[in-house]
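A.B. asks: Full structure from sequences and hints, please.
2 protein chains.
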Amino acid sequence: MLTYDLKKAPGLPLYESLYRHIRSDILSGALPAGQKLPSKRALAAHLEVSKITVEAAYAQLLSEGFITAREKVGYFVEAVVTHQPHAPTPVPDLPEPPPQGVDLTGGGPGKFPFSVWSRLQREVMLDYGETLLRPLPNQGLLSLRRAITDHLAAFRDMTISPENILIGAGTDFLYNLLIQLLGRDKLYATEDPGYGKIQKIYAAGGARCTPIPMDGDGPIPSALGDAQVLHISPSHHFPTGQVMPMQRRLELLSWAAQGDNWIIEDDYDSEFRFHSRPKPAMHTLDRHGRVIYMNTFSKSLAPSIRISYMVLPTALMTVFRQKLGFNSCTVPSFEQYTLERFLSRGHFEKHINRMRKYYKNQRDRLLDLLDHSPIRDHITILEQDAGLHFLLKVDTQLDDPALLSRCADAGIRIHSLSHYYHGPVPEDARHTLIVNYDRLTDDDLHQLQTILQHQTFPRGEGGPP
Amino acid sequence: MLTYDLKKAPGLPLYESLYRHIRSDILSGALPAGQKLPSKRALAAHLEVSKITVEAAYAQLLSEGFITAREKVGYFVEAVVTHQPHAPTPVPDLPEPPPQGVDLTGGGPGKFPFSVWSRLQREVMLDYGETLLRPLPNQGLLSLRRAITDHLAAFRDMTISPENILIGAGTDFLYNLLIQLLGRDKLYATEDPGYGKIQKIYAAGGARCTPIPMDGDGPIPSALGDAQVLHISPSHHFPTGQVMPMQRRLELLSWAAQGDNWIIEDDYDSEFRFHSRPKPAMHTLDRHGRVIYMNTFSKSLAPSIRISYMVLPTALMTVFRQKLGFNSCTVPSFEQYTLERFLSRGHFEKHINRMRKYYKNQRDRLLDLLDHSPIRDHITILEQDAGLHFLLKVDTQLDDPALLSRCADAGIRIHSLSHYYHGPVPEDARHTLIVNYDRLTDDDLHQLQTILQHQTFPRGEGGPP
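In order, the protein sequence lines correspond to chains C and V.
Quick note on the working numbering: the first sequence kicks off at 335 and runs consecutively.
Quick note on the working numbering: the second sequence kicks off at 335 and runs consecutively.
Don't read these hints as lab results, they were simulated from the structure.
Just so you know, not all the hints are guaranteed correct.
As the list claims (entries may be wrong) - SDA-like mimics (lysine to any residue), calculated; alpha carbons at most 20 Å apart, straight line:
(1) 445(C) / 346(V)
(2) 633(C) / 465(V)
(3) 534(V) / 346(C)
(4) 691(V) / 460(C)
(5) 633(V) / 465(C)
(6) 691(C) / 346(V)
(7) 657(V) / 691(C)
To be verified - Far from chain C, by Cβ distances over 12 Å, these chain V residues were calculated:
(8) 368
(9) 435
(10) 458
(11) 491
(12) 575
(13) 671
(14) 708
(15) 714
(16) 717
(17) 734
(18) 753
As the list claims (entries may be wrong) - Computed footprint of chain V on chain C; a stretch qualifies when at least three of its residues, placed anywhere within it, have a C-beta under 8 Å from a C-beta of chain V:
(19) 497-508
(20) 699-710
(21) 748-756
A virtual CB, placed ideally from N, CA and C, is assigned to each residue, including glycine.
C.D. replies: Here you go:
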């Protein structure tokens, strides 16, 4: 006879507790297919519950097909669902990066104006209350789009309308939306060298993607071939650090305008320059509505804040509203209201200015450390005034994998320039390390100093570290 | 001579102010291409600034290609960039829905436990502090995935691992990820009738999509044809309200297992049933790892909270990590920590119970109102115990557009069942309205009563309202 302790689930009706026990036994196979269940009266007596309880439990099992009733014979376990699916094998969670050693691979600003942000969050909660629950326009909160418009006018001399701004949960998401908007029948060109992730996103989105080789000014226009969409970061190219000169910008704009092509201008990190103003965004120079401007706050504020945006030319925004207007906005309203205040009250500007000083200081200390280290005669610093990294060319006969392996052995996590090439790596891009100092701590600087002091330089082999 | 008031921009260096003025004039065309600029000395004297200021401004303009220098002749405006791009024509912002009249088109829960949520937000801010800034695993916060695992175990009898959960900013986003994961070469089948939006999302994602006709039990297996992915909502189909019986579930599971096919089980709204427990999720019955379970908190909490999730079979999760692991998580960590507490402290359960009572009361009042209205002999209520709507069949000779137009004239916003058909509308699906009562207010009920009292029923025409 089925024996269950029905008192063990307080708050659950008895019949439901009984139903769950029997169902669980059917799914686990403890009650095999074809097995006859006890009569309602007998089970009720055995479990010391009312017959109604058993009736209700059997009725539920019947209605869900776990048992069948044969008239005047009784209830039987159904044949079809005999055992519970195997619990899936756990796949290990993504590991945290190892804390030891010096990490020069970057990872976005580590300093965030947390107290200001929290204060604004509390204010937003008090001031807006249940307004925060209203569905948002799918382009994002109008007041945030206005704040971004003002920000772009003040910092990038851009004259745009909030109507052209589309807010989304990260640039990955926006790239996917762009593929849907521009079409996956087009050929998308990306910079080579460049972030491999961008190619992966376009490919996963179903678009054909081709890397375009760069010269000292940027992607080479004559190499564009059949490409119809060009993804670039003219204000600050990663990893070379190049800033695209005006002439190349105009050439690419002319390519876009004449061939019904599109330029996606990724302007991330344009905030961080130490000596001069950033060059104007290509969007400012675009007289034909062919440039899609993109930027993100995940990079300039914190990676856990997922707010990016793009500025669509009016014709494209019209197509978006017609074809893709069914998409809901992916950023919670609470974060949008908070960022709106953060921008419009000048906190973002202050934050960027503070970070600029902080980064410049870290960079200067790092350069000074290198300049006073035993490896100083074996390295050359290549730097343009953009972004939060510089290139470190090493005078060595080691190939890049061996060089990186030496770094790793010494406790330094770092990438090489060659790592970012899709096509062949030019000779002058070899033996070159990318030094990201955006999350370099004081402790890192001390560690690095110690590491470099103890580095030996075997003759003939050339290089450090 | 160029005349600018350089004092008007406090905080800006003089050279930068001058640079901006000249650049603005070049972009607007006030300084036409080819125009010679005044010499540095002359402009400095004219503007009463130092020559160094003018030099710095000209240097910036030179470096950005706005002007060129001809040796011993002077500086000239560049020919290429002659005027600022036209500011894009503003497209009107999305209109708010009109506030007057009675809205029976639905729109998700209107009542949200705002004070509890705010309190948890404040707690999270205090307790986690800068931890909130750390990048998250791309599947979402582990503690939130654990809380969802516990929730699914308690409410849906589902035995899963947090490792199989993927959190994203809304189901639209997750559908797109699924297309990337399963492939857009597959044929995706959706329920007909059903939400048109789902078809649009798959089509925009580049997947082929086909509507599958339904009988009284759900999508007809023999109509699946070449489909390889089936998107269904077995716990509560919209708009028919159907709950899929066990036998059809097993048939579809067998289709999935035998043909290397996939089932996407959209379980939204399964929380809201008034009389019986929801049927077990198909995921529970899936012994071959072919069911992808999806649900969202945007629907059960508030549309402005963009948190949805899916449970991937282990094999698919492995593919996700290999092929799409570069995607960043789209939900901000702050919202994830807050939801984690909301779930694990039992607030979600309380909220759902409260809402269930509230909805049941609104439904009962609405049914009572209809039952005492002059139209009571002209209507039939079709209802299954699921979701937050019922069907109202009208005895009328009006066709559906005319019926809806009569409703609109009377001040009632409502959809017809026929609106949700992709293929031909069966005869018995005509003259049927979908009554969503999820955001029905007391005021709506009063308005509706007044509208129905004043409704006249012309003979021969049959129907109201």
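A.B. asks: Now, for every hint given, state plainly whether the structure supports it.
C.D. replies: Going down the list of hints, with the structure as the test:
{"no.": "1", "hint": "445(C) / 346(V)", "verdict": "26 Å, violated"}
{"no.": "2", "hint": "633(C) / 465(V)", "verdict": "17 Å, holds"}
{"no.": "3", "hint": "534(V) / 346(C)", "verdict": "42 Å, violated"}
{"no.": "4", "hint": "691(V) / 460(C)", "verdict": "28 Å, violated"}
{"no.": "5", "hint": "633(V) / 465(C)", "verdict": "17 Å, holds"}
{"no.": "6", "hint": "691(C) / 346(V)", "verdict": "17 Å, holds"}
{"no.": "7", "hint": "657(V) / 691(C)", "verdict": "39 Å, violated"}
{"no.": "8", "hint": "368", "verdict": "16 Å, holds"}
{"no.": "9", "hint": "435", "verdict": "18 Å, holds"}
{"no.": "10", "hint": "458", "verdict": "10 Å, violated"}
{"no.": "11", "hint": "491", "verdict": "7 Å, violated"}
{"no.": "12", "hint": "575", "verdict": "16 Å, holds"}
{"no.": "13", "hint": "671", "verdict": "10 Å, violated"}
{"no.": "14", "hint": "708", "verdict": "35 Å, holds"}
{"no.": "15", "hint": "714", "verdict": "24 Å, holds"}
{"no.": "16", "hint": "717", "verdict": "17 Å, holds"}
{"no.": "17", "hint": "734", "verdict": "22 Å, holds"}
{"no.": "18", "hint": "753", "verdict": "15 Å, holds"}
{"no.": "19", "hint": "497-508", "verdict": "holds (count 6)"}
{"no.": "20", "hint": "699-710", "verdict": "violated (count 0)"}
{"no.": "21", "hint": "748-756", "verdict": "violated (count 0)"}
Hint check: violations occur at hints 1, 3, 4, 7, 10, 11, 13, 20, 21; the rest are consistent with the structure.
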